[in-house]
Amino acid sequence: MLKKGTFVKIIKHSIMLTTILAISACGKDEPIKLPVEHKNLYGVWEKTVSSDNGLSVDNALFVFHEDDTVTYIRCFKKPGKSFSQSLPNFDITKFEKSDLQIQVGWGPFSWTEDFVINKFPYTEQNQMYVEIDEHRLRKLKSNENSSYQTWPCSQDKDKDD
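Note that my numbering gives residue 1 to position 1 of the sequence shown, counting from 1, and the numbers run on in steps of one.
Hints listed in this document are in silico derivations from the structure and should not be mistaken for laboratory results. Among the clues, some could well be false.
To be verified - Calculated cross-link-like contacts (lysine to aspartate or glutamate; reagent style EDC-like; alpha-carbon spacing at most 16 angstroms):
id: 1; residue 1: 78; residue 2: 58
id: 2; residue 1: 33; residue 2: 96
id: 3; residue 1: 39; residue 2: 67
id: 4; residue 1: 97; residue 2: 131
id: 5; residue 1: 97; residue 2: 133
id: 6; residue 1: 97; residue 2: 37
id: 7; residue 1: 119; residue 2: 133
id: 8; residue 1: 94; residue 2: 113
id: 9; residue 1: 47; residue 2: 131
id: 10; residue 1: 47; residue 2: 124
id: 11; residue 1: 97; residue 2: 114
id: 12; residue 1: 39; residue 2: 66
id: 13; residue 1: 47; residue 2: 134
id: 14; residue 1: 33; residue 2: 91
id: 15; residue 1: 94; residue 2: 114
id: 16; residue 1: 47; residue 2: 133
id: 17; residue 1: 119; residue 2: 46
id: 18; residue 1: 78; residue 2: 52
id: 19; residue 1: 39; residue 2: 96
id: 20; residue 1: 33; residue 2: 99
id: 21; residue 1: 119; residue 2: 37
id: 22; residue 1: 141; residue 2: 46
id: 23; residue 1: 33; residue 2: 67
id: 24; residue 1: 81; residue 2: 58
id: 25; residue 1: 119; residue 2: 96
id: 26; residue 1: 94; residue 2: 30
id: 27; residue 1: 47; residue 2: 58
id: 28; residue 1: 119; residue 2: 131
id: 29; residue 1: 141; residue 2: 124
id: 30; residue 1: 33; residue 2: 66
id: 31; residue 1: 94; residue 2: 68
id: 32; residue 1: 47; residue 2: 144
As the list claims (entries may be wrong) - Pairwise CB distance ranges, derived in the manner of DEER restraints:
id: 33; residue 1: 112; residue 2: 67; range: 17 to 25 angstroms
id: 34; residue 1: 81; residue 2: 147; range: 19 to 27 angstroms
id: 35; residue 1: 32; residue 2: 53; range: 37 to 45 angstroms
id: 36; residue 1: 36; residue 2: 80; range: 43 to 51 angstroms
id: 37; residue 1: 150; residue 2: 97; range: 31 to 39 angstroms
id: 38; residue 1: 52; residue 2: 105; range: 30 to 38 angstroms
id: 39; residue 1: 107; residue 2: 32; range: 16 to 24 angstroms
id: 40; residue 1: 50; residue 2: 108; range: 33 to 41 angstroms
Heads up, the beta-carbon is just placed ideally off N, CA and C, and yes, glycines get one too.
Given these sequences and hints, build the entire structure.
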């Protein structure tokens, strides 16, 4: 004979265990490799735009790592509004035609971010460019450092003016 309340405890623990297992199994798509024909995306791509004496900024950085992960950093700032987003080293989960999707977060706390590659890498005046989500990004040379650490959003994250 079970003690009073033991059956209820067993049911509660069973429900908790089932819930934990269900949640932990959710949400993570299998990472994929960058298609061979698009290996020229590997590297650091950056867009920096500043106007109004630096009061307005619209910067973006994409890094396509050789382990087929992507880093995305965005800084948008204008008087009265500031926005920044930093997504470091996340898996590519979809790459079809011009659609790029990365998996952000871990386990049950993950989501996807979708990007459109408007124009694949091309050369103009001895510089390589790619256009992603309407951002024209220049590929940095191997000896060239990104300027993202000096962007105003990295100094005052998500702060409204």
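Each hint, compared with the structure:
{"no.": "1", "hint": "78 - 58", "in the structure": "8 angstroms, holds"}
{"no.": "2", "hint": "33 - 96", "in the structure": "12 angstroms, holds"}
{"no.": "3", "hint": "39 - 67", "in the structure": "11 angstroms, holds"}
{"no.": "4", "hint": "97 - 131", "in the structure": "14 angstroms, holds"}
{"no.": "5", "hint": "97 - 133", "in the structure": "14 angstroms, holds"}
{"no.": "6", "hint": "97 - 37", "in the structure": "11 angstroms, holds"}
{"no.": "7", "hint": "119 - 133", "in the structure": "9 angstroms, holds"}
{"no.": "8", "hint": "94 - 113", "in the structure": "10 angstroms, holds"}
{"no.": "9", "hint": "47 - 131", "in the structure": "10 angstroms, holds"}
{"no.": "10", "hint": "47 - 124", "in the structure": "15 angstroms, holds"}
{"no.": "11", "hint": "97 - 114", "in the structure": "13 angstroms, holds"}
{"no.": "12", "hint": "39 - 66", "in the structure": "9 angstroms, holds"}
{"no.": "13", "hint": "47 - 134", "in the structure": "11 angstroms, holds"}
{"no.": "14", "hint": "33 - 91", "in the structure": "9 angstroms, holds"}
{"no.": "15", "hint": "94 - 114", "in the structure": "9 angstroms, holds"}
{"no.": "16", "hint": "47 - 133", "in the structure": "12 angstroms, holds"}
{"no.": "17", "hint": "119 - 46", "in the structure": "15 angstroms, holds"}
{"no.": "18", "hint": "78 - 52", "in the structure": "9 angstroms, holds"}
{"no.": "19", "hint": "39 - 96", "in the structure": "14 angstroms, holds"}
{"no.": "20", "hint": "33 - 99", "in the structure": "14 angstroms, holds"}
{"no.": "21", "hint": "119 - 37", "in the structure": "14 angstroms, holds"}
{"no.": "22", "hint": "141 - 46", "in the structure": "11 angstroms, holds"}
{"no.": "23", "hint": "33 - 67", "in the structure": "8 angstroms, holds"}
{"no.": "24", "hint": "81 - 58", "in the structure": "12 angstroms, holds"}
{"no.": "25", "hint": "119 - 96", "in the structure": "14 angstroms, holds"}
{"no.": "26", "hint": "94 - 30", "in the structure": "9 angstroms, holds"}
{"no.": "27", "hint": "47 - 58", "in the structure": "8 angstroms, holds"}
{"no.": "28", "hint": "119 - 131", "in the structure": "5 angstroms, holds"}
{"no.": "29", "hint": "141 - 124", "in the structure": "14 angstroms, holds"}
{"no.": "30", "hint": "33 - 66", "in the structure": "9 angstroms, holds"}
{"no.": "31", "hint": "94 - 68", "in the structure": "11 angstroms, holds"}
{"no.": "32", "hint": "47 - 144", "in the structure": "14 angstroms, holds"}
{"no.": "33", "hint": "112 - 67: 17 to 25 angstroms", "in the structure": "19 angstroms, holds"}
{"no.": "34", "hint": "81 - 147: 19 to 27 angstroms", "in the structure": "21 angstroms, holds"}
{"no.": "35", "hint": "32 - 53: 37 to 45 angstroms", "in the structure": "44 angstroms, holds"}
{"no.": "36", "hint": "36 - 80: 43 to 51 angstroms", "in the structure": "46 angstroms, holds"}
{"no.": "37", "hint": "150 - 97: 31 to 39 angstroms", "in the structure": "35 angstroms, holds"}
{"no.": "38", "hint": "52 - 105: 30 to 38 angstroms", "in the structure": "35 angstroms, holds"}
{"no.": "39", "hint": "107 - 32: 16 to 24 angstroms", "in the structure": "19 angstroms, holds"}
{"no.": "40", "hint": "50 - 108: 33 to 41 angstroms", "in the structure": "39 angstroms, holds"}
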